[in-house]
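S.K.: One-letter residues, chain by chain:
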Amino acid sequence: MIALIRKDFRVYRAAFIAVALWLIVILLNPIVNAIIMTLQSGSNDAANVLEDWGMAGHWVVICVAAVFGGCAFAIERRDRSAEFLAMMPISRGKILASKLITASVAVVPLWFIASCMLAGFCGILQSLQFMQTTACVIVLAFGISWLCSALTRSPSISACLGLAGVLLEIVLATQVHEYGYSNSYIMNLVRISAAVTGIFCFIGGCIVFTWRVSP
Amino acid sequence: MSDVTEFPIMVKNLTRRFGKSLVVNDLSLSIPFGKMVGFIGLNGAGKTTTIRMMVGLLKPDSGEIAIAGYRVPSQRDSMKSHIGYVPDRPNVYGWMRVQEAIDFARAFYPNWNPDHCERLMKMFDLDRSQRAKNLSKGQGAKLSLLLALSHDPEVLILDEPTSGFDPLVREEFLQGVLAATSERRQTVLFSSHTLADVERLADSVAILHEGRLVLHSPVDSLLDCTKRIRAVLEDVSSARQTPPGMVFQQVSGREWTITVEKFSRDQVEFIRSHNRVLQIEVLDVSLDDVFKDIIRGTRGAA
Amino acid sequence: MRIDPSTPVPIFQQIADGIRGAVAAGVYRAGDLIPSVRAQALTLLVNPNTVQRAYEQLERDGLIACKKGVGMVVCNESIASARNGVDQAMRMLLEQVVQYARSAEINRTSVDRLYRDAWNQSDKRGQSR
Chain G
1 MIALIRKDFR
11 VYRAAFIAVA
21 LWLIVILLNP
31 IVNAIIMTLQ
41 SGSNDAANVL
51 EDWGMAGHWV
61 VICVAAVFGG
71 CAFAIERRDR
81 SAEFLAMMPI
91 SRGKILASKL
101 ITASVAVVPL
111 WFIASCMLAG
121 FCGILQSLQF
131 MQTTACVIVL
141 AFGISWLCSA
151 LTRSPSISAC
161 LGLAGVLLEI
171 VLATQVHEYG
181 YSNSYIMNLV
191 RISAAVTGIF
201 CFIGGCIVFT
211 WRVSP
Chain P
1 MSDVTEFPIM
11 VKNLTRRFGK
21 SLVVNDLSLS
31 IPFGKMVGFI
41 GLNGAGKTTT
51 IRMMVGLLKP
61 DSGEIAIAGY
71 RVPSQRDSMK
81 SHIGYVPDRP
91 NVYGWMRVQE
101 AIDFARAFYP
111 NWNPDHCERL
121 MKMFDLDRSQ
131 RAKNLSKGQG
141 AKLSLLLALS
151 HDPEVLILDE
161 PTSGFDPLVR
171 EEFLQGVLAA
181 TSERRQTVLF
191 SSHTLADVER
201 LADSVAILHE
211 GRLVLHSPVD
221 SLLDCTKRIR
231 AVLEDVSSAR
241 QTPPGMVFQQ
251 VSGREWTITV
261 EKFSRDQVEF
271 IRSHNRVLQI
281 EVLDVSLDDV
291 FKDIIRGTRG
301 AA
Chain C
1 MRIDPSTPVP
11 IFQQIADGIR
21 GAVAAGVYRA
31 GDLIPSVRAQ
41 ALTLLVNPNT
51 VQRAYEQLER
61 DGLIACKKGV
71 GMVVCNESIA
81 SARNGVDQAM
91 RMLLEQVVQY
101 ARSAEINRTS
111 VDRLYRDAWN
121 QSDKRGQSR
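Protein chains in written order, with our numbering: chain G, 1 to 215; chain P, 1 to 302; chain C, 1 to 129.
I should point out that these hints are in silico values taken from the structure, not numbers from a laboratory. Remember, it's a predicted structure, so these values are computed and weren't measured experimentally. Glycine included, every Cβ here is placed at the ideal spot set by N, Cα and C. Any given hint could turn out to be false.
[Unchecked claim] Cβ pair distances, simulated, as ranges:
| id | chain 1 | residue 1 | chain 2 | residue 2 | range |
| --- | --- | --- | --- | --- | --- |
| 1 | P | Ser74 | G | Ser193 | 32 to 40 Å |
| 2 | P | Pro114 | G | Gln132 | 48 to 56 Å |
| 3 | P | Gly19 | G | Gln129 | 51 to 59 Å |
[As the list claims (entries may be wrong)] Partial chain C-side listing against chain P, Cβ under 7 Å, derived:
| id | residue |
| --- | --- |
| 4 | Met1 |
| 5 | Pro8 |
| 6 | Val46 |
Excised from the complex, chain G in its bound form:
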């Protein structure tokens, strides 16, 4: 199992590098700005900066989730190494678990960091609400791109479809807003629909991968 996870870390190396770069951008930039602002004009503006970057950070996490989902199966399918893996006496369940663990190692900490930054601005209770929403949207993006990765050979198209799903969710949310529903209602709707769709697609992707004979 460890060997599998190590392999997956290496396969998604490019994605991890992207995550590291974004981490540097998200962390360094606002912290530096916050320090400068605190020194110059007081803590309020610093908190604003943290908020902006905290929000941006959440969007980045959603993109990262989509990328990892998209890379899940498609990369190995493209260069035939999926066949090499398929010929090893490993259960498909273990292969799936390894990919999920690898993706989580990238996505979860990043989500947590972005949430902490947001908490720095609007307090823990508020940011908890926001964290829940983004968690569901992350599940949505990941689930859709995971399913597409299982069905296609292209990691980029799969990732884009995952993000398209998120955009669709936002569009739906704004449409519902037109009807005058309360914000909290919309938030709950978004959370539930995103999480359910995401989980459904994720399971679909797992089933496709397990039942398929050709890798």
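Keeping the supplied structure of chain G fixed, place chains P and C upon it in accordance with the hints.
M.R.: Showing chains P and C alone in chain G's frame:
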């Protein structure tokens, strides 16, 4: 299906289509324990497709497969630790170094034999730190072979393992196969275009043509019993009477060559008595000759 | 010894002839051990069963015998092995002649005639035995 453990490699009524074309057509083949079988046929005859179905990489449209006593694809996961598969093109992760690939595979096979692996490493002389994508064609195939043999599989399946190799590498590769299999009595199926290799190494040969099994026979009895009868015709234009058991015939000028599968003196007598011929002689054939004549004969009959 | 699968001569026969030739040339002497079936198969890159068949023929012909615990040895009857060797070398040469005649489309009668001419020439030159 009858007892699946009877033959280490068994396929029954295997069929597979790609779009409209029938690539494998009702193929049935059983290979007894410890035998090395050469799987030959023209390009597109269905050899790679059959092999991929046997190892569980492709789903058959119909038919049954049992490898090393396990049904494929239903018991595919259990089967994998008992077989070694060498694909037509190496498929190891390109970024993996040779040693990393060995460590990776080693983690998953319960019956991995480290001593055997070391011996093969020495025999193949592979650079442990070289990345798979930088290996030459022959070295890549040797790595695949090493990974396939190191867990002492009962069944070894190779898909055109030496195509495109230079002569030295081909010899090294085949020596690796022969050395490993002769000490362990494995059942081996290998498809090849190099008929000379099949003639040298295989116990028996299976000829595939347009998805159908045309012949499955031990090599030595095939070459003993198949002969070419060459006769000089007195009169080229008159109708020729062919003897029973003819596989293929060819006329070139006055020379009439008949290939027969189960040679007997009666056939020579038949030709002499039913045709006006000046001279008859019987020639031995190589596997190359047999293959070509059988394919031409099958095409002609179709 | 080299094996050529493309010629119509069966591989086991090529191996047997090769060993006979080696005995005739003195590579293996009476009492010498010849390579085991497996070793021979690996060197020549042929199926061990084919080597087995060749060895069985040589054993039947009295050229080699199986010595318990040691392996296959060249028989001590040196006359038999020498004659076999020489006969075999001759046989191989004649097979080459036949093969050449076939490929050059020279028929049997012509070859017989050419052969007799060769003997007559050799007699004339005073090299008769």
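S.K.: Work down the list of hints and note, for each, if the structure agrees.
M.R.: Taking the hints in turn, this is what the structure says about them:
no.	hint	verdict
1	P:Ser74 <-> G:Ser193: 32 to 40 Å	holds (38 Å)
2	P:Pro114 <-> G:Gln132: 48 to 56 Å	holds (51 Å)
3	P:Gly19 <-> G:Gln129: 51 to 59 Å	holds (54 Å)
4	Met1	violated (13 Å)
5	Pro8	holds (4 Å)
6	Val46	holds (4 Å)
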